[in-house]
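Okay, here's what each chain looks like letter by letter:
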Amino acid sequence: MSALRINGARVLHAYTWLLIAWLILPIGVMILFGFNDPSGRYNQTWQGFTLKWYRDVFALDALTDALVVSLLIAVLTALIAGALGTGIGYALGRFRFRGSGGLNLLMFAAISSPELVMGSSLLSMFVSVGISPGVTTITIAHVMFSVSFVAIVVRARVMTLDRSLEEAAADLGASGWTTFWKVIFPIILPAVMSGVMLAFALSIDDFVITNFTAGTTQTFPLWIWGATRVGLPPQVNVMGTMIFAAGVLFAVIANLRSRSKKG
Amino acid sequence: MDRVKRTLAPYLLVLPGGLWLLLFFAVPMATMLSLSLQEGDIVNGFVFTGHWQNYTESLADYQTQLIRSLVYGAVTSIVLIALSFPVAYWIAFYGGKRKATYLFLIMLPFFVSFVLRTISWRMLLTDDGVLFHPLKEAGLLPDDFQVLGTSTAVVAGLVYSFLPFMVLPIYVALERIDPRVVEAARDLYASPMTSFRKVVFPLALPGVFAGVLMTFVPASSDYVNSELLGSSETTMIGQVIQAKFLQNSDYPSASALSFTLMAVLLIGVFTYARALGTEDVMKVAAR
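So the sequences go chain by chain: A and B.
Reading the first sequence from the start, the letters are residues 1 to 263 in the working numbering.
Reading the second sequence from the start, the letters are residues 264 to 550 in the working numbering.
No lab work stands behind these hints: they were computed from the structure.
Keep in mind that the hints are not guaranteed to be accurate.
[Stated by the list, open to error] Rough simulated footprint, nothing fancy, chain A against chain B, three-plus residues with beta-carbon under 8 Å:
1) 281-294
2) 312-318
3) 323-332
4) 338-352
5) 404-413
6) 435-449
In this text, all values refer to a predicted model and were calculated from it rather than measured experimentally.
We put the CB at the ideal spot given by N, CA and C, even for glycine.
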């Protein structure tokens, strides 16, 4: 009986790795073909190893511009959504107030609505009002869909805060403002930072909502989408690999740091 | 004075973000609803009529694609439950100290752009690609074997795209189960199968629900996978809406379709929530 259980666990273990392998397979393909030396326009079959795409990674101006636009929008989104989301998250976690239920519902709706519908409704509004789409409209849209995620991350941390810290600061004569910046904010800062990073990641990866709000502006995912039919240059794989590596490195460092603080 | 500040504080904190959501989430939805009740074209402008004919006409034209999308979405979610549950179960109960590492590996695809991932998939699935070419050479597959362009390819792509969204919520639900509850079931002579069926699975249901919520909605409204992996036989409603909005500028009927999709998905989600009748669902979903 117990042998059977252990075997079951082994099968599940093997299955877990199989699934992980399946998840990683397309990523491996992306990385591998950044080193490929294709003869024609299509980078689809393996022809030979080269590093030239890493040397010439910024050789395609339009692609480089698209990547820069993506980074710019992601930074703006992270900052704006970080600030607005922290405000909402702190208020929801710390105070009881009229209208908080409605706000929660609004956030839940913004998180669970299909991206397609949010993107198309934003386009409807921009068209009706006569705003021409571009970097501004993309940023507006990205802040809209990522602000709730920041708020939820911050709220979760604020809810576990020890109220006596605040009282202690008040007893020592600190004003509400001082208490927030000197006592509360340093404690919730890691949560704020994860919210900011989440907003950055959501923004730089977004395709659907961007597709509707971009007009003729090109972001990294939009450029790739447009270039699919004519064949993707290996530079796309290199940039994808670089973003992947940076993201993984960042996550690992953040994880190690939070562990060493706990330990 | 201080009391006034106290009562005002939450409102001041919430105001900018709340306004942003109202202006750029709620107002656009209302605009789109109004647009769906208008008539006209991009050159001569649109006029509000209040008629529902955009809905009836576009539904009559595209009901096949709408139903197909819902079916793909449902199949995707079901396949995802089957694929994800064992993994979430193993990580939650046998992951030990390395739980975080396994979850991180499951989330790795998030570090690659969605479009780029799907394109990588297409490279793997092409007829003479890295996966099938060797198999065909070896005679293990017939020469005319083809996956790309079929509904299998589209659903497989959707499953791949949203897998982490199913594993994570199920894992969260399983992780919260007190091992002593399972032990108690065993002590009361429940077989492993029975204790799983009567104890573990019901406790994991909120996670499964959250997973369905997080996968069914994006999967059935997706157009990237069906565009890149499918064919004209697998056109999904998202492709229709996207083309109407961005290529044909046929805003009224595109709005009507978009709104219909949203309504159908919302009704589906709420019926499902009521059927399961669990408060926990929203809590898990909000995590």
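Violating hint indices (sorted, rising): Checked against the structure, the hints that fail are numbers 2, 3, 5 and 6, while the rest are satisfied.
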